[in-house]
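A.B. asks: Each protein sequence line maps, in turn, to chains A and B. Note that our numbering numbers the first sequence so that position 60 is 60, with each residue one more than the last. Convert by adding 1000 to the 1-based position in the second sequence; the result is the number in our numbering.
It should be emphasised that the hints constitute simulated quantities derived from the structure, not laboratory data. All of these numbers come straight from a predicted model, not from anything done at the bench. The C-beta atom is built at its ideal place from N, Cα and C for all residues, glycine as well. Fair warning: there could be bad hints in the mix.
As the list claims (entries may be wrong) - The following label-pair restraints were derived from C-beta to C-beta distances:
no.	chain 1	residue 1	chain 2	residue 2	range
1	B	Thr1093	A	Glu68	52 to 58 Å
2	A	Gly67	B	Lys1016	50 to 56 Å
3	A	Gly111	B	Ser1255	40 to 46 Å
4	A	Gly42	B	Glu1259	45 to 51 Å
Residue strings, one per chain:
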Amino acid sequence: MLELRDISFSVADAQRTGRDILDGINLTVGDNQFVVITGPNGGGKSTLAKIIMGIEKPTAGRILFDGEDITDLSVTERAKRGIAYAFQQPVRFKGLTVGDLVGLAAGKELGRGELCDYLTEVGLCARDYIDRDVNASLSGGEIKRIEIAMALARGAKLTLFDEPEAGIDLWSFNHLIAVFQKLRRRTRGTSLIISHQERILDIADEIVVLAAGRIAARGRKDEVLPKLLETGSSVNFCEGRMEVQG
Amino acid sequence: MNSKTEELLRIVADWKGIPDNTAYNIREDTGCAGRHSTEHVKIESKTDKPGIDIRVLPGTKGEMVYIPACVTHSGVDDLVYNDFYIGEGADVTIVAGCGVHSEGEEEAKHNGIHRFFLDKGARVLYLEKHVGTGGGTGGRVINPVTDATLAEGAYMEMNTTQIGGVDSTIRKTTAVLGKDARMVVKEKLLTEGVQTAESDFVITLEGENSGAHLISRSVAKQHSRQLFRSRLIGEAACSGHSECDAIIMDEGEVSAIPELTAHNVDAALIHEAAIGKIAGEQLTKLMTLGLTEKQAEQKIIEGFLK
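Bound conformation, chain B alone:
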């Protein structure tokens, strides 16, 4: 593992060195920089395309799985397919995350396509953090695709954060929820400079009593642009809620395009969206506590994206 990878891992996966008896696979510049399976979590390479299969055995409780990916120099165009099979009743935390570093003129790019198959009653907390570093003129690009299928009573929480330095990102998330399944998505995005970010969520509430809760908070600074699309589709008696809350600063632009489709009279779907600059009274309040305007702005954004 090179030092740049270690640095990126610390940012995206709170990496503190190789953990004891924990399943992990570290992807570095399209190769593998380390892998470990445990008794309950098996990681194997795919034979037909780049990527891995992660199998969590039924009933596995409380294990962590690390599968971060790093691109440490420009001129790399990484494409990887990772499939997660989560056995019945398992309850695990999966830490993904991707860091791309570019010092040169060519792009550093990571496309990660993650599919999740959650068996009955399985629970997954999926943490995904993206960051770009380095001063190269080559773009830092991360295009994650997440596709989840939740069987009866399964639960998935996805916390996805892009904390800066990524020049371009297109983030696609799709999910199909069975009976009594629930999905919670929390997205946090910060763009600056001339960065662009697109998020696209399609969640289909197929099973009776399924539920989805999608919260996106974003900040667009300087000349950056963001596009947020969400589609909630209710096929049964279900509940779906999506909210997009964006702060725009300088010349930043945000579009929010929500879509709700109900194919069942008992589908209860709600969308909320709000875009605006930081309220002047919020700045004033923090300034009365002794913060400068810049410090106040920083504090408000930090809290908003916390």
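Just chain A, same shape as in the assembly:
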């Protein structure tokens, strides 16, 4: 359903020489998959997600979605074709309520009951939240859960989650894992999740390790996970590609 062909992304640095954030990424993701992208900070994970959503344009390469080349499509057009994106740092709005945003995400007028279902799913007591502004009065954990509720309401063919665990407290985190487990069990679309969390890696169909702008390793969780874990948290992928034998 998603195919990345030779995706590169570079930015001009202070010396006006190009710096590669992504370097020739080739990746194919099938229907109804639960794929986790992990790897060290600065490895290009968020950039890759933004490129898939259309927020950033790749310097080179093509993106195919359900066989269609979407490289030159806008964010809006990609959203309409069925790509959703949960931000790492959710955006705050003065004057738009939780109910407004979840309704917009669903793309239709939602009854209070349906709104409640989405919010309950992410562990929020709907009654307290539907009419609240998505502004600075919400805590990091609250707004993150609302962001995930919006992604659920979209019900998209492909949902990108950028570090869903970031900024979430321990209690919310346990709940978050449950949300993803549930999402996976009754999967009707593909989820592409950027995460460092072992418990999220644990429920992946496939793990992709992105380091220094390249795919350093890729495989089923029982192949990649042991290698990731034995190297500990200070894993160094900069040496080059790490091949994983099946």
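Fit chain B to the supplied structure of chain A, relying on the hints for placement.
C.D. replies: Structure of chain B alone, referenced to chain A:
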């Protein structure tokens, strides 16, 4: 009442025809298009100048009072003085609002000077909506003046909205608050084209434990200009908070000039002001939900001015 007035009333006062047993006075092109007093709310013409006196008897609870004004064609320069006397312990909602319509080359103008006198413990919710309509080159001008005096323990909330089509407006609001009195002002303004809007608030917190909360949200599009001034003056142990939040688009301009003056060491006064364009990430977020950039912009402004 002419059809243009009815149309304007629907916009500014959610008018659905003459209400049952509700006090109202409809001003149309400097004349009176209808008036009704109730047992507890008396409306009478002034004898010395244009305008009316509205007296709400002490203890009146839950009544609505409609006093909208409409200018339905160009060449009208309306000036009206309306005084509201709200009796002790009364609790009412007053729906004002003004619509000006111009199809011609001359100005259509309404100057409404409203004075409020709230007795002890009286509560007023004051809703004021302004709109300009019609395609005439003559300017649509609304200059409202609101002057409120709140006695001990009185409470007034003023929701004032200008939703478009007004070419020029100067809005002056002054209030003096007695002991334990509270005033909340919520202003929403939208200007576009080459419209100009000025808001000027002066709230004097005279009584002990009085409080004021002033929130202004505005959007200036295209080549429009806005000026927001607020003065909070603390004469006693009191609390005052004003905030001005503005979105500018295109070539729009907004100036915010806050002023806080404390004459008492226990006066706690705060002002916040923020002016800026719509954050790019807000547009992006809504576009990831399938909205176009224009739709996203519209949604953000709608929410902001809701």
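A.B. asks: State for each hint whether it applies.
C.D. replies: Now the hints, each set against the structure:
no., hint, result
1, Thr1093(B) with Glu68(A): 52 to 58 Å, "holds, 56 Å"
2, Gly67(A) with Lys1016(B): 50 to 56 Å, "holds, 54 Å"
3, Gly111(A) with Ser1255(B): 40 to 46 Å, "holds, 44 Å"
4, Gly42(A) with Glu1259(B): 45 to 51 Å, "holds, 47 Å"
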